[in-house]
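Number of protein chains: 2
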Amino acid sequence: MKYAVNAMKTLADELFKDFREHSVSEFFRKNAAMLGYTGKIRSLTTVVHEGVTNSIDAAEEAGILPSISVMIKRVDENLEHLKVVIEDNASGIPEEFIPGVFGKMLAGTKLHRNMQSRGQQGIGIVGSVMFGQITSGRPATVVTSTGNGEIVHANVMIDVDKNEGKVLNGKKLKGDWQGTRLELELKDVAYVRSRYGPFNYLRMTAIANPHVQITFVEPDGTLTVFERATDKIPERPKPMAPHPWGIMSDDLLVLAKHTKSRTLAGFLVAELSRMTKGKVKEVQKLSGVDLNKRPSELTWEEAEGIVSAFKQIKFMAPPTAGLRPIGAAEIESGMRQILNPEFVHAVTRPPKAYRGGIPFIVEAGIAYGGGAGKTAEGEGIETEGLDLIRFANRAPLVFDQGGCAITSAARSIDWRRYGVDVATAPLTLFVNLVSAYVPYTSAGKQSIADEPEVHEEVRAAIMDVARELRRYLYRKIRVKERQQRASIFERYLPIIAKKAASLVGKKEPDIKPLLKKVAGVEDA
Amino acid sequence: MKYAVNAMKTLADELFKDFREHSVSEFFRKNAAMLGYTGKIRSLTTVVHEGVTNSIDAAEEAGILPSISVMIKRVDENLEHLKVVIEDNASGIPEEFIPGVFGKMLAGTKLHRNMQSRGQQGIGIVGSVMFGQITSGRPATVVTSTGNGEIVHANVMIDVDKNEGKVLNGKKLKGDWQGTRLELELKDVAYVRSRYGPFNYLRMTAIANPHVQITFVEPDGTLTVFERATDKIPERPKPMAPHPWGIMSDDLLVLAKHTKSRTLAGFLVAELSRMTKGKVKEVQKLSGVDLNKRPSELTWEEAEGIVSAFKQIKFMAPPTAGLRPIGAAEIESGMRQILNPEFVHAVTRPPKAYRGGIPFIVEAGIAYGGGAGKTAEGEGIETEGLDLIRFANRAPLVFDQGGCAITSAARSIDWRRYGVDVATAPLTLFVNLVSAYVPYTSAGKQSIADEPEVHEEVRAAIMDVARELRRYLYRKIRVKERQQRASIFERYLPIIAKKAASLVGKKEPDIKPLLKKVAGVEDA
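In order, the protein sequence lines correspond to chains A and B.
Using this note's numbering, the first residue of the first sequence is number 1, and each one after it goes up by one.
Using this note's numbering, the first residue of the second sequence is number 1001, and each one after it goes up by one.
If you are wondering where the hints come from, they were derived from the structure by calculation, not from laboratory data.
Take the hints with a grain of salt, since some may be wrong.
The list that follows gives simulated cross-link-like pairs (lysine-lysine, DSS-like), each with its CA atoms no further than 25 Å apart [stated by the list, open to error]:
no. : chain 1 : residue 1 : chain 2 : residue 2
1   : B       : 1476      : B       : 1516
2   : B       : 1162      : A       : 166
3   : B       : 1517      : B       : 1476
4   : A       : 260       : A       : 293
5   : B       : 1017      : A       : 260
6   : B       : 1030      : A       : 260
7   : B       : 1162      : A       : 162
8   : B       : 1083      : B       : 1017
9   : A       : 352       : B       : 1030
10  : B       : 1166      : A       : 162
11  : B       : 1166      : A       : 257
12  : A       : 257       : A       : 232
13  : A       : 17        : B       : 1311
14  : A       : 30        : B       : 1162
15  : A       : 257       : B       : 1030
16  : A       : 311       : B       : 1030
17  : A       : 162       : A       : 17
18  : B       : 1030      : A       : 238
19  : B       : 1040      : A       : 352
20  : A       : 30        : B       : 1311
21  : B       : 1238      : A       : 17
22  : A       : 30        : B       : 1083
23  : B       : 1030      : A       : 162
24  : A       : 83        : A       : 171
25  : A       : 238       : B       : 1017
26  : B       : 1017      : A       : 171
27  : B       : 1017      : A       : 166
28  : B       : 1517      : A       : 17
29  : A       : 30        : B       : 1238
30  : A       : 17        : B       : 1162
31  : A       : 162       : B       : 1017
Non-contacting residues of chain B with respect to chain A, defined by C-beta distances greater than 10 Å in every case (computed) [said to hold, decoys possible]:
no. : residue
32  : 1134
33  : 1228
34  : 1274
35  : 1300
To give an idea of the chain B side of the interface with chain A (calculated C-beta under 7 Å), a few residues [what the hints assert, rightly or not]:
no. : residue
36  : 1010
37  : 1013
38  : 1021
39  : 1024
40  : 1027
We put the beta carbon where it would ideally sit given N, CA and C, even for glycine.
Working from the sequences, and respecting the hints, build out all of it.
Below is the structure:
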């Protein structure tokens, strides 16, 4: 169908003469709020989040124990500018990929994998570079080496009209080092040590990632080291084939387009989990689709038929081998390391699925006493009572707690039944949701949708740890009562013994063994 | 800086071999929730919103009084599929632009204009086509004519990998008609007649757009016509030069890059509002920037210097000639037409600015009695008491009311002072925010950020209309009391007159003039 030139110039032709195409960078420049750049405090925390997430992912992907350092400082000449420096010890970035990694949106290595990971879209860190550029006018400075003896030093700016990164003043130095250092200069940001600021964000990151060492320098020069509590690098999550119950027709068509299998039958077994030849026969029978044809010939109607057949067939639950929970012991280490509490307990629940076929795991931890229940130690805002810290795939969720399934599940618990007054108890409650598809409520990825299965599972995990806390608190009360009782005996038994001895004219007996017995009577 | 091939293959080289670029369509396919496609009800309303918004904008832009028809029907073969048909009488779309308008994201005629409009991003309607495609597998059907005697009929699918629209089975018919008809087949949607469904969305659209005629056919065949209440097409909003107080350094540089002016001084006067030669001199003095240089030579530091000089200079308030409020009389017509209330009152407040230089106008309307206070007439969920309906540039805001500045302003009112019990009064409160930059809280564009100036202005507008309501309600009470008093006199005066007359043995007097006097005494 070609455009027929028409002698009559219509109104529409006139109106459409300004029809133009724009770049995705230009779109997010105008809609920075979509990426979390809203308000001075949140904007700064978003930059720290994007940088730290990228660094931890890069180190883990390379099998390196992550050591991250974050520094935020005021830029002297202009007090309104802040500089954020994030450095890691990961694999470094090959020179040719620097403009792509930091300057081109929707580019990356992680976009097409069905696995649990922190970042996925190839937008996050480019968004931070852009935010720096549009608020301070400064390029990002990237210093990186892949360990090949050369350290690349490059300033990167984004050509917003073209969605392209441009390297300015690139130079190379000799040196033995491996890792990446990113420096961003920002305006329209504010540093505070509140619940929503970078300090608490990093502290939460340290709790959920006990294998990561984080060094943080605040604008006033305060140095904090969140030491790692374990030297074990988490196993990398594995890509997982989707489960038949969790797939939509459109997804099936996209998979069929890219498969190497030669028949639909082979394709279903190869690309979906829990698919056996026996199940394929059931699909064939129920859908009536000829499964010997080529996957590329799959039509929409057939895909719909197959998907609706899936729903009628019994399958094993989705595989969860690819999911990587933190682990109860590691969560306890992390909470102990950072909060130094008197009691801590954590659980990793068995995998469940939501929307039929999307597997997830919930982990919960509870810490009592010590630094628990306090948002940030030292100066800054401290909260009293229960402090709920939320995570998705180990990444802290700091904002939008109101609409989050984790928050609503925690609120639905009758805490008095566990001997806790949530308004005053020194308590930190930790919840981590692990999934290849976290059901976020919005683009900001700070809040989890109230899927019924997720809600129930979070509730169950919280009750698991709350029960252990109740046991601890009751034991503590009993110990206290026993001590009180023992101290009464200690005080009065010697007097009674003395009086009794003098009354009967006998020598005062040794009451120490008796006191010991009284004090120890409940240890049995 | 070129990429030096290094003999040593590093870990990083291995990790980066999968680095790929993706299309913006692919991004939004995976993140459809960012565009409002979340939940079955909201997804359907979002499709209706995108279609109707496009249609009204297109008609107004062409100077045509908009007549829109919307039809939602079940697709027979498969009860889970719905078809949405939206037809307008606007200018039509030239054939060559069909793939771009319906199949390419971030393309359009409205992206670079500093003016008030409904859609702006070139994403909305493409998102609806994509949602249809990924849920039902069906292309969009477009029927359009620019009035040149040819009607183009095309099926459009999006090539998600390339972010391109493809026309299938395009054909042309002869015919005298002008307009566009879009048909989308959808799955994973649900039709309900609730506050959040298409019926209420269209009803709200009709109230705020009394010049638009909307015909709506529901899946059960029910036909509703929202008749237009006025034949006046709103004047098109005009692009407005930005005000110096509302501009950021980055914006100034972008403007300088595209200007036709030869000097910075000329550029400032040409591209910003409220800029005179005198003000330019002040800028020169305060910033120390040489304003005789070419705009293209403007550096970031100079731009920052100029922007900070702006803040120290007194300017007239931002121009508001480009803003197009609905107008109090039109709001009242709209509310009368749709709600048929016993009392209605509306105000359009004078323009204000937020964040220093971004102009906006708040309008409020209140309706009492009749259909007011009810979300949807007939079947479906009806609310009791105050019904708040929110708008931004005449487009209904249906979702996310919790975090919206309009909601919080309405809640902050002490309604008892206005003689209203919000839990029971048959009351509809209308608020419209007019601005070239509506400060939305998120990408869903359903909620307005709590900017202090906006909050205060919405509050003031609501109190304006609430005062009129109070006057009406008090008058109503007085009339009622007077009627009661009059009826007492009417009942007893004749008896008293008779008794008195018989007592004194006189003829009964004519008390009608007296009764009239009593009843009318408060009319003065």
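To see whether the hints hold, each was checked on the structure:
1. Pair hint residue 1476 of chain B plus residue 1516 of chain B holds up; C-alpha atoms about 20 Å apart against a cutoff of 25 Å.
2. A hinted pair counts as satisfied when its Cα atoms are at most 25 Å apart, and residue 1162 of chain B with residue 166 of chain A qualifies at roughly 23 Å.
3. Among the hinted pairs, residue 1517 of chain B with residue 1476 of chain B is consistent with the structure: their alpha-carbon atoms are about 20 Å apart, no more than 25 Å.
4. The straight-line distance between the Cα atoms of residue 260 of chain A and residue 293 of chain A is roughly 13 Å, inside the 25 Å bound, and the hint therefore holds.
5. A distance of roughly 20 Å separates the Cα atoms of residue 1017 of chain B and residue 260 of chain A; the hinted pair therefore holds under the 25 Å criterion.
6. For the suggested pair residue 1030 of chain B and residue 260 of chain A, the alpha carbons sit about 23 Å apart, so the restraint of at most 25 Å is met.
7. With a CA separation close to 16 Å, the supplied pair residue 1162 of chain B and residue 162 of chain A stays within the 25 Å bound.
8. The hinted pair formed by residue 1083 of chain B and residue 1017 of chain B fails the criterion: a straight-line CA distance of about 44 Å is larger than 25 Å.
9. With a C-alpha separation of about 23 Å, the suggested pairing of residue 352 of chain A with residue 1030 of chain B holds against the 25 Å cut-off.
10. For a cut-off of 25 Å, the pair hint linking residue 1166 of chain B to residue 162 of chain A stands: about 23 Å separates their Cα positions.
11. At roughly 18 Å between alpha-carbon atoms, residue 1166 of chain B and residue 257 of chain A fall within 25 Å of each other, so this suggested pair holds.
12. Pair hint residue 257 of chain A plus residue 232 of chain A does not hold up; C-alpha atoms about 39 Å apart against a cutoff of 25 Å.
13. Simply put, residue 17 of chain A and residue 1311 of chain B have alpha-carbon atoms about 38 Å apart, too far for the 25 Å limit, and the pair is violated.
14. For the given pair, residue 30 of chain A sits about 23 Å from residue 1162 of chain B by alpha-carbon distance, which is consistent with the 25 Å threshold.
15. A distance of roughly 17 Å separates the Cα atoms of residue 257 of chain A and residue 1030 of chain B; the hinted pair therefore holds under the 25 Å criterion.
16. Note on residue 311 of chain A and residue 1030 of chain B: the hinted pairing holds, with a Cα-Cα distance of about 23 Å set against a maximum of 25 Å.
17. Restraint check for residue 162 of chain A and residue 17 of chain A: the C-alpha separation of about 21 Å stays at or below 25 Å, so the hint holds.
18. As the CA atoms of residue 1030 of chain B and residue 238 of chain A are separated by approximately 20 Å, the hinted pair is consistent with the 25 Å bound.
19. The straight-line distance between the Cα atoms of residue 1040 of chain B and residue 352 of chain A is roughly 24 Å, inside the 25 Å bound, and the hint therefore holds.
20. Distance hint between residue 30 of chain A and residue 1311 of chain B is fulfilled; the C-alpha atoms sit about 23 Å from each other, no more than 25 Å.
21. Taken as a hint, the residue 1238 of chain B and residue 17 of chain A pair is honoured in the structure, with Cα atoms around 18 Å apart against an allowance of 25 Å.
22. Restraint check for residue 30 of chain A and residue 1083 of chain B: the C-alpha separation of about 33 Å exceeds 25 Å, so the hint is violated.
23. At most 25 Å may separate the alpha-carbon atoms for a hinted pair to count; residue 1030 of chain B and residue 162 of chain A meet this at roughly 23 Å.
24. About 22 Å separates the Cα atoms of residue 83 of chain A and residue 171 of chain A, which keeps this hinted pair within 25 Å; it holds.
25. Among the hinted pairs, residue 238 of chain A with residue 1017 of chain B is consistent with the structure: their alpha-carbon atoms are about 18 Å apart, no more than 25 Å.
26. A C-alpha spacing of about 23 Å is found between residue 1017 of chain B and residue 171 of chain A, which places the hinted pair at or below 25 Å, so the restraint holds.
27. At roughly 21 Å between alpha-carbon atoms, residue 1017 of chain B and residue 166 of chain A fall within 25 Å of each other, so this suggested pair holds.
28. Annotation: proposed proximity of residue 1517 of chain B to residue 17 of chain A is violated, straight-line Cα distance about 72 Å (limit 25 Å).
29. A distance of roughly 20 Å separates the Cα atoms of residue 30 of chain A and residue 1238 of chain B; the hinted pair therefore holds under the 25 Å criterion.
30. Straight-line distance between C-alpha atoms of residue 17 of chain A and residue 1162 of chain B comes to about 23 Å, which keeps the hinted pair within the 25 Å bound.
31. Between residue 162 of chain A and residue 1017 of chain B the alpha-carbon distance is near 23 Å, which keeps this suggested pair within the 25 Å criterion.
32. With a least CB separation of 4 Å from chain A, residue 1134 of chain B falls inside the 10 Å interface cut-off, contrary to its annotation.
33. The Cβ of residue 1228 of chain B lies farther than 10 Å from every Cβ of chain A, with a closest approach of about 21 Å, so its non-interface assignment holds.
34. Interface exclusion of residue 1274 of chain B from chain A stands, the closest Cβ pair being 23 Å apart, more than 10 Å.
35. The Cβ of residue 1300 of chain B sits about 3 Å from the closest Cβ of chain A, inside the 10 Å cut-off, so the non-interface label is violated.
36. Proximity of residue 1010 of chain B to chain A holds as hinted, the smallest CB-CB distance being about 4 Å (cut-off 7 Å).
37. Evaluation of the residue 1013 of chain B hint against chain A yields a held restraint, the C-beta minimum of about 6 Å falling below 7 Å.
38. At a threshold of 7 Å, the smallest CB-CB gap from residue 1021 of chain B to chain A is about 4 Å, leaving the interface hint in force.
39. At about 5 Å, the closest approach between the beta carbon of residue 1024 of chain B and any beta carbon in chain A falls short of 7 Å, and the interface hint on this residue holds.
40. Among the interface hints, the one on residue 1027 of chain B holds; its C-beta lies about 6 Å from the nearest C-beta in chain A, closer than the 7 Å criterion.
The structure does not agree with the numbered hints 8, 12, 13, 22, 28, 32, 35 stated previously, though it agrees with the rest.
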